[in-house]
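Colleague: In case you want the letters, here they are:
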Amino acid sequence: MSQKIDLDQRRFRKIIRGKIKNNLRKYISNGEMIARKGKDTVSIPLPSVDIPRFKHGGKQQGGVGQGDGEVGDSLGQDGEEQPGGPGEAGDKPGEHALEVDVSLDELAEILGEELSLPRIEQKGSEKIVSHKDRYTGIRTTGPESLKHFRRTYKEALKRQVSTGTYSSKNPIVIPIKDDKRFRSWKSEPLPQSSAVIIYMMDVSGSMGDEQKEIVRIESFWLDTWLRSQYKGIESRYIIHDAMAREVDRDTFFSTRESGGTMISSAYKLCSEMMEDEYPSDEYNIYPFHFSDGDNWSVDDTVTCVDILNNQILPHSNQFSYGQVESPYGSGQFIKDLQEHFSDSENLVTSEIKGKDAIMDSIKDFLGTGK
Amino acid sequence: MSMHKPLPVHLQDMQQEIEVHAKDYGLDFFPILYEVLDYKTMNEVAAYGGFPTRYPHWRFGMDYEKLSKSYEYGMSKIYEMVINTNPSYAYLLEGNSLVDQKLVMAHVCGHVDFFKNNYYFSKTNRKMIDGMANHASTVRRHMRAQGQSTVEDFIDVCLSIENLIDPMSLFIARSPKPGADEGSEGTKETPRIAAKGYMEEYINPPEFMEAQRKKIEAEQQKQEKFPVEPQRDVLKFLLDAAPLADWERDCLEVIRDEAYYYAPQAMTKIMNEGWATYWHSKILTNNALKGSEVIDYADACAGVLATVPGRLNPYKLGVELLRHIEIRWNKGQFGQEWEECDSMATKASWDRRLGLGRDKIFEVRKLYNDITFIDEYFTLDFCIDQKFYSFGYNERASSWEIMSRDFENVKKQLLDSLTNRGQPVIRVFDGNFNNTGELLLRHDHEGVDLDMNHAKDTLQNLFKVWKRPVSLFTVVDEKGKLLSHGTDGYSESTAEASDVG
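Line order of the protein sequences matches chains X and S.
Using this note's numbering, you'd call the opening residue of the first sequence number 127 and step up by one each time.
Using this note's numbering, you'd call the opening residue of the second sequence number 56 and step up by one each time.
Quick caveat, the hints were computed from the structure, so don't treat them as lab data.
Being a predicted model, the structure only gives us computed values, none of them experimental.
All clues stand as given, with none of them false.
Simulated pairs of lysine-lysine, BS3-like, Cα-Cα distance not exceeding 30 Å: (1) S:Lys415 <-> S:Lys467; (2) S:Lys522 <-> X:Lys181; (3) S:Lys415 <-> S:Lys171; (4) S:Lys337 <-> X:Lys280; (5) S:Lys371 <-> S:Lys467; (6) X:Lys130 <-> S:Lys95; (7) S:Lys132 <-> X:Lys140; (8) S:Lys421 <-> S:Lys182; (9) S:Lys345 <-> X:Lys280; (10) X:Lys181 <-> S:Lys467; (11) X:Lys181 <-> S:Lys178; (12) X:Lys284 <-> X:Lys303; (13) S:Lys182 <-> X:Lys130; (14) S:Lys280 <-> S:Lys511; (15) S:Lys280 <-> X:Lys181; (16) S:Lys132 <-> X:Lys181; (17) S:Lys345 <-> X:Lys295.
Chain S residues, not near chain X, derived (Cβ > 12 Å throughout): (18) Val64; (19) Leu294; (20) Lys386.
Positions of the beta carbon are idealized from the N, C-alpha and C atoms, including for glycine.
Take these sequences, add in the hints, and give me the full structure.
Modeller: This is the structure in structure tokens:
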């Protein structure tokens, strides 16, 4: 049903858009703001626009409260929930930007909307679908092991009060059969993983902390977007200097090795991985490679081009190469790729000059809808 | 308006039952029309301040989004809403349990009785549904002619100053009616003390006559001042004197009208919620509740009355204070004899069996607002009983802390926060500042500085209305400051109160 308020809300969103884009950039360049909390939620503030007013400055004012506590007891640190005064709701700082947990799906939606990312066309048939049980409701029958204790006792209490058998002097509540409540579940279809992201990163001496931070932030957003497009996606991580090896996620983002750089080693490992584990007619494959563009030798670059041409590109949805600017690297590799693959449809390159450029780079990678 | 969908029969019966009980207790309310809304529509209506139609503005969209998000993430939901009109419209949330609906209906009876009988609501427009719809069509008409953004931008400006009104002006004469002193203006002759001719030189010496003349001149100059007396209804002053286009004047009028409509609700929040809570609990527990509903009712009621550290719960304070008053007047704990009694034991067992409590709280709901209510009835006993404290910000620990449990202190803090609906008092001092048609405002500094960032932007907005430089005299860190916004932007200078009139 369309509502009158929709127009106002759309208007608000338009105003925010200018704001959200900046805000979003701010979050993105500020990696720690976005963190997985619990299962899959992150916390972002609800956008809000302030109308300036003549009003009292917050900190001198104080207020009145009710309850226990000694003089001098703290009511909450700055930045935590701030005490509000009486009167209209929302006339104190801290009250109007209420923090809302936003699920990653929703975040991806915002990202998609902001960057006008196209939905990805999936390839391969719907793969094996398994079922997962989730406890979602309450019912009156069920096995004893699923008994909902609190609900059962609440029912019993209600019954005893209404029939007059409850006495506050002797508050004993005994559930009978009709009072019992059990958890009930629903089976939800769970499509099997049908996509894989393979992250590769150059960890040679020339990649500093700042470069890795950029890669980390960018892969978080790539991950979020791709996850919103595919149910149950796999991620694999490869690091390389002169040698390549597979690592877990933590190691991927924290390792700093030194030494030379042979990009082909990573591509070799990647193509082996694809061949052995991810048949391309069933999987949507997204290899990402981040480096500072410094390769050991021209010969090695030729090998890389070879592997990409014959093994990786034919089987991937899209191969993405992101080059992070570093004071040490020559930055040659991106030029080589652009030269050799200028007419290739599923190889995308992007130069990431700094944290501010992450948004544009994400758009480069994901804007193709592959 | 989708208002006239009939209420389901079981809710009609419930409404009838509750209202019979309410009338038996002496509540006197406008007819109430209930409508059951799904949560989306409920949030929409709530974002519109309780009305089905408002003028187009993004702020309603923002509020709607905030309400929807907090509903969807289970942080809060709106149980009940009722607006001050005759008949009163009230909304029930679809899918609430019957106990909840019952509680809401009893609560609503309390609110509507308050709207109808409280003195501070006596000047409000009871046909505000039409009023709001008219405002909406006025604004829409101007948007069609001027463009949506132009009008919306100006409404943003108006909203930025909507708190600069004077709700009390409806009840008292702030300044003598123009024309009342007209007669005295004609006196050109300096008045002299009557004396015989030969005494004239001694009784009315030239120096004395000169001083008299100066005094009269000063008096006349004051008369020429514009406004004659500092004016708290800044919006009214702007409507009268600012060079506004017709559509701008209309928009500012709309905003002012709505600000005055909502002001009594801000002035009586504690009493109004306390009164409604008092009656829902009285009606439900004494009359309307079935045994099986007691627990769900207690659960809902506890939620309403819960207190959170560092936050004043108006429902709790209001209802407890009303009950306190009822007990005192039932037992005769008032008057000179009671005040002068200093024996704790006598006071504790004081019971004259007067039974005046119910009448007294009806009188209170008729004549008081939050400030007078707290000022008169918030007593030492009550303060201790209810564990009130004042809190403030500790810079060193950068945290909010309990500052005091001292009665005087707590009461002062409470009254301060209610004064002028918690807003700073700002008056128009001079509409011809520097003799160049600039506008001068003054902030009555009561110990709390203004939020400077907001003040800056608000001045800019005032400049857009006044279209000449605008200045505000205030105090920052205990020093006088003149904040100005003119054609070349914002500026600040130190100033003394005496410099600016």
